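Residue numbers for the sequence shown follow the working numbering, so the first one is 21 and each next one is one higher.
What the hints contain is simulated information worked out from the structure, not anything from laboratory work. Owing to the predicted nature of the structure, the values given are computational and were not obtained by experimental measurement. Do not take every clue at face value.
Computed Cβ-Cβ distance ranges for the label pairs, DEER-style [claimed, not checked]:
1) 152 x 62: 16 to 26 Å
2) 145 x 69: 42 to 52 Å
3) 177 x 155: 29 to 39 Å
All C-beta atoms in this analysis are idealised placements derived from N, C-alpha and C, irrespective of residue type, glycine included.
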Amino acid sequence: MLVNAPLEVPEDFPMSEPARQAPSPEPGLRSPAATAPLRDWLATMRTAMSDTPAVETRSAEPAPAEPDAEARNSGWSPRLVSVAAKSTEAADEDVAEIMAENMMLKARLRLESERRDELQVILAQEIRELRAHIAEEVGKMDDLRTERDLWRARCEALAAPLFQVQHR
Numbered sequence: 021m022l023v024n025a026p027l028e029v030p031e032d033f034p035m036s037e038p039a040r041q042a043p044s045p046e047p048g049l050r051s052p053a054a055t056a057p058l059r060d061w062l063a064t065m066r067t068a069m070s071d072t073p074a075v076e077t078r079s080a081e082p083a084p085a086e087p088d089a090e091a092r093n094s095g096w097s098p099r100l101v102s103v104a105a106k107s108t109e110a111a112d113e114d115v116a117e118i119m120a121e122n123m124m125l126k127a128r129l130r131l132e133s134e135r136r137d138e139l140q141v142i143l144a145q146e147i148r149e150l151r152a153h154i155a156e157e158v159g160k161m162d163d164l165r166t167e168r169d170l171w172r173a174r175c176e177a178l179a180a181p182l183f184q185v186q187h188r
């Protein structure tokens, strides 16, 4: 078993390319249209931050060396991630972006909750009005049935002598 040998992945490997192009599991959260206000807010925050004097600035550490030519020629090379390579400013921007998105989502959740409460009040009132209207209509139908039964009884009483057999 070779420990330091580069990993070789055949080009016809079925999961290699689709795995790199897999869509985000939550496509609606970071759509460009949804993050436009967030980007505006971040731009405003950056200009406000650039107006204030910086407390401490660190220089970004150099990026890691390129993988050797042999690994590049094999078609696949591991991605080297260095924690120190990311500057604190970039990390602060990421945190600021996440915090801004969190604040926007909380505000949107609050608005949706208020809208839901208002809709529930409106729906409850509409249901009460519909129940009252239905009760009124059922009362009218009962009155019509009663009147119909009264007229039927009168007609039967008037028609009864016509159908009686007279005995001679």
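Discussion item. Of all the hints numbered above, which does this structure not satisfy? Sort the numbers upward.
Written reply: Per hint list: single violation, 1.
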